[in-house]
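Student: Single-letter residue listing:
Number of protein chains: 4
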Amino acid sequence: MVRVAIIGASGYTGAESIRILLRHAEARLTYLTALPEECGPTEEVFPEFRGRCTLPIEPLDMQKLKEQADVVLCCLPHKVSMQFVPELLDAGGKVVDFSADYRLQDVGVYEQFYQVKHTDTTNLKDAAYGLPELFREKVKATRLVANPGCFPTGAVLALAPLLKAGLVETDSIIVNAVTGSSGAGKNPSNKFHFPNMNENAFPYGIGTHRHMPEIEQIAGEVAGSPVQVLFQPHVGPFDRGILSSVYCRPRTKVASDQLWPLYNDFYQAEPFVQIPKTAPGVKDVCGTNYCHIFPALAKGRIVVFSAIDNLVKGASGQAIQNMNILFGLRETMGLD
Amino acid sequence: MVRVAIIGASGYTGAESIRILLRHAEARLTYLTALPEECGPTEEVFPEFRGRCTLPIEPLDMQKLKEQADVVLCCLPHKVSMQFVPELLDAGGKVVDFSADYRLQDVGVYEQFYQVKHTDTTNLKDAAYGLPELFREKVKATRLVANPGCFPTGAVLALAPLLKAGLVETDSIIVNAVTGSSGAGKNPSNKFHFPNMNENAFPYGIGTHRHMPEIEQIAGEVAGSPVQVLFQPHVGPFDRGILSSVYCRPRTKVASDQLWPLYNDFYQAEPFVQIPKTAPGVKDVCGTNYCHIFPALAKGRIVVFSAIDNLVKGASGQAIQNMNILFGLRETMGLD
Amino acid sequence: MVRVAIIGASGYTGAESIRILLRHAEARLTYLTALPEECGPTEEVFPEFRGRCTLPIEPLDMQKLKEQADVVLCCLPHKVSMQFVPELLDAGGKVVDFSADYRLQDVGVYEQFYQVKHTDTTNLKDAAYGLPELFREKVKATRLVANPGCFPTGAVLALAPLLKAGLVETDSIIVNAVTGSSGAGKNPSNKFHFPNMNENAFPYGIGTHRHMPEIEQIAGEVAGSPVQVLFQPHVGPFDRGILSSVYCRPRTKVASDQLWPLYNDFYQAEPFVQIPKTAPGVKDVCGTNYCHIFPALAKGRIVVFSAIDNLVKGASGQAIQNMNILFGLRETMGLD
Amino acid sequence: MVRVAIIGASGYTGAESIRILLRHAEARLTYLTALPEECGPTEEVFPEFRGRCTLPIEPLDMQKLKEQADVVLCCLPHKVSMQFVPELLDAGGKVVDFSADYRLQDVGVYEQFYQVKHTDTTNLKDAAYGLPELFREKVKATRLVANPGCFPTGAVLALAPLLKAGLVETDSIIVNAVTGSSGAGKNPSNKFHFPNMNENAFPYGIGTHRHMPEIEQIAGEVAGSPVQVLFQPHVGPFDRGILSSVYCRPRTKVASDQLWPLYNDFYQAEPFVQIPKTAPGVKDVCGTNYCHIFPALAKGRIVVFSAIDNLVKGASGQAIQNMNILFGLRETMGLD
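If you read the sequences in order, they're chains G, F, U and D.
Counting in this note's numbering, the first sequence runs from 28 upward without gaps.
Counting in this note's numbering, the second sequence runs from 28 upward without gaps.
Counting in this note's numbering, the third sequence runs from 28 upward without gaps.
Counting in this note's numbering, the fourth sequence runs from 28 upward without gaps.
No wet-lab data here; the hints were simulated from the structure.
The structure presented is a predicted model; accordingly, all values stated were derived computationally and were not measured.
It is possible that part of the hints are untrue.
Far from chain F, by Cβ distances over 10 Å, these chain U residues were calculated [unchecked claim]:
#, residue
1, 70
2, 86
3, 225
4, 226
5, 253
6, 264
7, 266
Derived contacts from chain U toward chain D, CB cut-off under 10 Å, selection only [said to hold, decoys possible]:
#, residue
8, 30
9, 207
10, 210
11, 223
12, 233
All C-beta atoms, glycine included, are put in the ideal place defined by N, C-alpha and C.
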């Protein structure tokens, strides 16, 4: 039985991780932590866990953490994560980190987009980017998984078959995505005040979203050469899900009936990536760790649609998929 | 052309009042004020008014207010209103006050429920409760209208025909209501953070909501004797609208086919109260100043359903209906 | 491993049952059936099951059903169920029936409200009403469970502690409930067309809803004497959940601080009923088999709020809870 | 007073036209028609008009139509419109047609995308494309206005300043749009059944949407040369609004601070087009005839966001704006 701790358990990804782990046959929660002002009985922090989780959410005690957990799901914001991860690894533990701190191998890009100095470049080198469908062997070989961003998960899974096959120009990719509002996190704000967000839809992070360099890095790694991606996120009035619409220019003539088989073959062995015969909606995957992808030809371009649940495949579900790999468990455990 | 000022223009009822007045043929906005930190060009405070309203929202200057306005829509919270209203009335102006400060004639009840001393009992005596369908003559005769609360508007309009006819017991009325989230106002909070409020519905103010004594006072005035009302509000995941389900015990045997004619006759001359042949939904009245009411018999009780838009008939629309009356304009002007 | 068949698998309760059973450690789906026009690969009928359920949904073959299933979840409409259940029981199987056919012990009431002759009164006598919190021993002793209606589940769980304690008048109970739109089933209609239902809320079934006699029967059984309930349902713009607001008149003076302990003690041993310290919202229980209940005093009445997910505790989750009991499994299995 | 008839008044664009006209100072509704099975008192067809519109919706009587209307808002589907329009024009009337029948000047393209023979090419030649911001003079000079499609309105207004200035490549434009669900019309369907559409978002019309050639035609007319547009629509879980995200490749180097002034100057005189300083959301324009546009530079591309209400500026509001022009009224009348 794998003993799991969550630090930063009081946010949406913490709650989703708890939800999944409560159903996991080979893992059990042993320690939950958060900032002091967000601690308390889990069932009071999250009413949905009333009667389901007797563990409290406590202020972090590193000693206790090291003793009680075989693996830590680190649901902290960027910059904070890299203050804790080194000590956890030194103590021999395994870590799945939800922040961006170990995702971008290019420290310069990290420091530019996150406006902070990277303080743990040593462990950064050994971190695996936890998109198992593309980097499973690296995940198996590490003790530190950088759990991917939500948008990069949807975008890169949509792009990978094209990039691997060298079918598309890599200097003109556009990823237009819409996410549910849980992506904004749990802190109230004007934009996400219900009467403002309801019946609304708007773009944000124009030209500046931090997931843009992450998509480019991972896409480039898949392609084997640099990839330029214009990534434009939007928010819509729903809780969960990311729908990515990816626009690519084919390098050579591509026939419409090539695309579905290309994708289906590429992801044949992957339990969590499905290639339906029609375009997906986010509701097809909400509450699941699945990614549904549909490629099409339109006006001479290849347009690929992918749908994930931002809190599951885009965060906590993928983290537990990675955890399963780290411990040699069935990869879908807890995620059925 | 009636010159209208709004003080407290930066909230939802302010915005709704602006929206209506922009279409009003015989009134025009001359002055908008708010707390200093909420001031600015109206089109920046409310993007929906871009290109539609050139007036800025400014910090309140009483002198300017008195000079530029024939009537003030006072969209301030309770306790704050009564600090400004006396001076406005002294200056000879007319006021439609959105707060509770001039609604409850019983100062003791006011002070108990609002936990503050009433500082303007003089004007309180002359204030008219601005539910024109029941108190039109009083509105005509005053310079200070206490614009009704949103829940009392829906509840009292639903109850009035029964109370006037003496058809129901007045010691056992239950008003169960659900409101859209705009009723919570514009300030972000945990409960109304989109990912918390969306797909949710919950009760609040159990046994303590301040609209309970207001409903009882006005219902009692209509009945001609004290009325006991258990009022229980709920919130649902939509922007606007209040659906009230009112449960009454008949005093004597009532036939099912008496009810619709009773209501239809009672409100025959009222432009804004409609008696459809089936139960209303809030969407039937949203964006309008209408109240749709449907009475029925069920299990020996009389159940009355009423639907209003909480920001229109429950606030700004009714205020402008009252303003129209104060100035002898067609009562529906701006509200078509 | 319990082998489970679902007949009528193509509707929302069928889908929810599949979703839960895919995570069940001791049960597995062996046979799914639906009307011929609704058959096909499960992943095409419900895109969310793509890659998760290889079983097809097939037209019903009674022989196959009897051979392949230890228990049948019968997700058929009333009147249809009782055409299949007798044969299944004769073949020695166990049945959890979602319809109303085996819920009302009074055949006259059934025939009046469902406007059809009851054709299986023999098995009706032996059916257990599957609300385990109140009738667990009967469920253990039967092979035919009448799975409760969604509204009765929320209402009766809210009422039971009061009725058992004899604390409230039983001739004047009002249950005001609001349900999410999934309660309407999967067939498109004008009322539930998105642009009509979104941002809307309305009452229905005024004085005539079929769950009213069901609530009365079960509440009466709990009370040990007849109970009169005025039940009024409403629909709101959300997918899942029922919030019931139950109004009762106390028989004797009840103190505010008696209520919470009464409820907490009553449901002490029940995993799925929780008594939080504040009123619940439907989002606290959505996606779970839990019922959250909060009792309060208001204006001299006892008001009890209960929240369930209509598709889980109100249908498929409760069915699987019953199935677990029928087979001596841990009652929460698949429902963690 | 302009006398207005609406044929096809029973759909969403009919209702929106009625709503606007009820507030119009210089126009009044004289005749409403629909298919026989959709006729009835307007307040029964649309409960929101109870007490507001005494005119019934009747089966079409051409004679009556010609006698009672100075202008016809023709809210019919494509192919049906061109069966009625010729007779109306022959009778000397003016027509604002909501269908696609008079929008595409290239009959071949029309016949390919709409799969029907064009039967009124005579009037087609004289029809003006009713986007007043770009074709006001043509609208003034005609008696037949082809009211633009909802998506083309948002897309072309976003593109026009760039195309006029020759700033962007015209062979690689991408328009990614998301519309509210009212765009689907009033007929219930699986996709738009509330429990399916709520909390969902999905693409449709991949490579085949009929608004694609319309955008290309009008954009080409503005540019003065052919324009290739890949148009991809999506639907989101809200009632109203279209958010278009338009991606263009600059022809030459464009500075970030050139864009806002370019747009602001271009639309300086236009009451209904606003250029805010930040990206718009659909809620900023819902219920209004306004289009908010925000241009930006991102990753070397020009990205333009536009927001409209699909039923107002995208349909009925624009039609009445056109009607106002046809009759020499203030263009914003009824649309304040």
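Student: With reference to the structure, classify each hint as holding or not holding.
Tutor: Taking the hints in turn, this is what the structure says about them:
For residue 70/U, the non-interface assignment is confirmed: its Cβ lies about 25 Å from the closest Cβ of chain F, beyond the 10 Å cut-off. Remark: the non-interface label on residue 86/U is consistent with the geometry, its nearest Cβ contact in chain F lying 35 Å away (cut-off 10 Å). A cut-off of 10 Å between C-beta atoms contradicts the statement that residue 225/U is not in contact with chain F; the least separation is 8 Å. Non-interface status of residue 226/U relative to chain F is broken: a Cβ of that chain comes within 10 Å, the nearest being about 5 Å off.
A cut-off of 10 Å between C-beta atoms confirms that residue 253/U is not in contact with chain F; the least separation is 13 Å. A Cβ of chain F approaches the Cβ of residue 264/U within 10 Å, the least distance being about 5 Å, so the stated non-interface status is violated. Distance check for residue 266/U against chain F: the nearest CB is about 6 Å away, which does not clear 10 Å, and the non-interface claim fails. Here the hint on residue 30/U is broken, as its CB sits about 30 Å from the closest CB of chain D, past 10 Å.
At its closest, the beta carbon of residue 207/U sits 8 Å from a beta carbon of chain D; the interface hint therefore holds under the 10 Å criterion. Hint on residue 210/U holds. Least Cβ distance to chain D is approximately 9 Å, under the 10 Å limit. Checking residue 223/U against chain D: minimum C-beta separation of about 8 Å stays under 10 Å; hint holds. Given hint, residue 233/U at the interface with chain D, is violated; its Cβ is 16 Å from that chain's nearest Cβ, farther than 10 Å.
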